[in-house]
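Visitor: Sequence:
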Amino acid sequence: MDKKRPSDFDAAVASVLDQAITDYGITYVRLSERSGIPYTTLYKYVKGASPMPLAAFTKLANVVGVNPGEIIHAAQTVVNPTEQKPRI
Numbered sequence: 062m063d064k065k066r067p068s069d070f071d072a073a074v075a076s077v078l079d080q081a082i083t084d085y086g087i088t089y090v091r092l093s094e095r096s097g098i099p100y101t102t103l104y105k106y107v108k109g110a111s112p113m114p115l116a117a118f119t120k121l122a123n124v125v126g127v128n129p130g131e132i133i134h135a136a137q138t139v140v141n142p143t144e145q146k147p148r149i
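Position 82, counted from 1, in the sequence shown is what this note's numbering calls 143; the numbers after and before it change by one each time, with no gaps.
Wrong hints could be hidden among the right ones.
[Stated by the list, open to error] With a Cα cut of at most 25 Å, we get these calculated DMTMM-like pairs of lysine to aspartate or glutamate:
1) K105 x E131
2) K108 x D79
3) K108 x E94
4) K120 x D84
5) K120 x D71
6) K108 x D84
7) K120 x D69
8) K120 x E131
9) K108 x E131
10) K108 x D69
11) K105 x D79
12) K105 x D84
13) K105 x D71
14) K108 x D71
15) K120 x E94
16) K105 x E94
Hints listed in this document are in silico derivations from the structure and should not be mistaken for laboratory results.
Please build the complete structure, drawing on both the sequences and the hints.
Guide: And the structure:
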């Protein structure tokens, strides 16, 4: 796998997170300030242009008030819409 190109799942996570950012009503500039992630890096993450480290993902999700697990679940639904939820 090419380390520069996010997987389909990574891209789905980025897309769902980007929608959460939009729903929260915060600009990328303000999100960058609040998260401590440089603007250009943050932009690449949420637009799916660069893989997002777990620490950055959880930080961004927390800033916009969304449980990271909810984003992951929504991304799984995007990537595998017919896959059943695993039993735990």
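Visitor: Where does the structure disagree with the numbered hints, that is, which hint numbers, in rising order?
Guide: As far as the earlier hints go, not one is violated by this structure.
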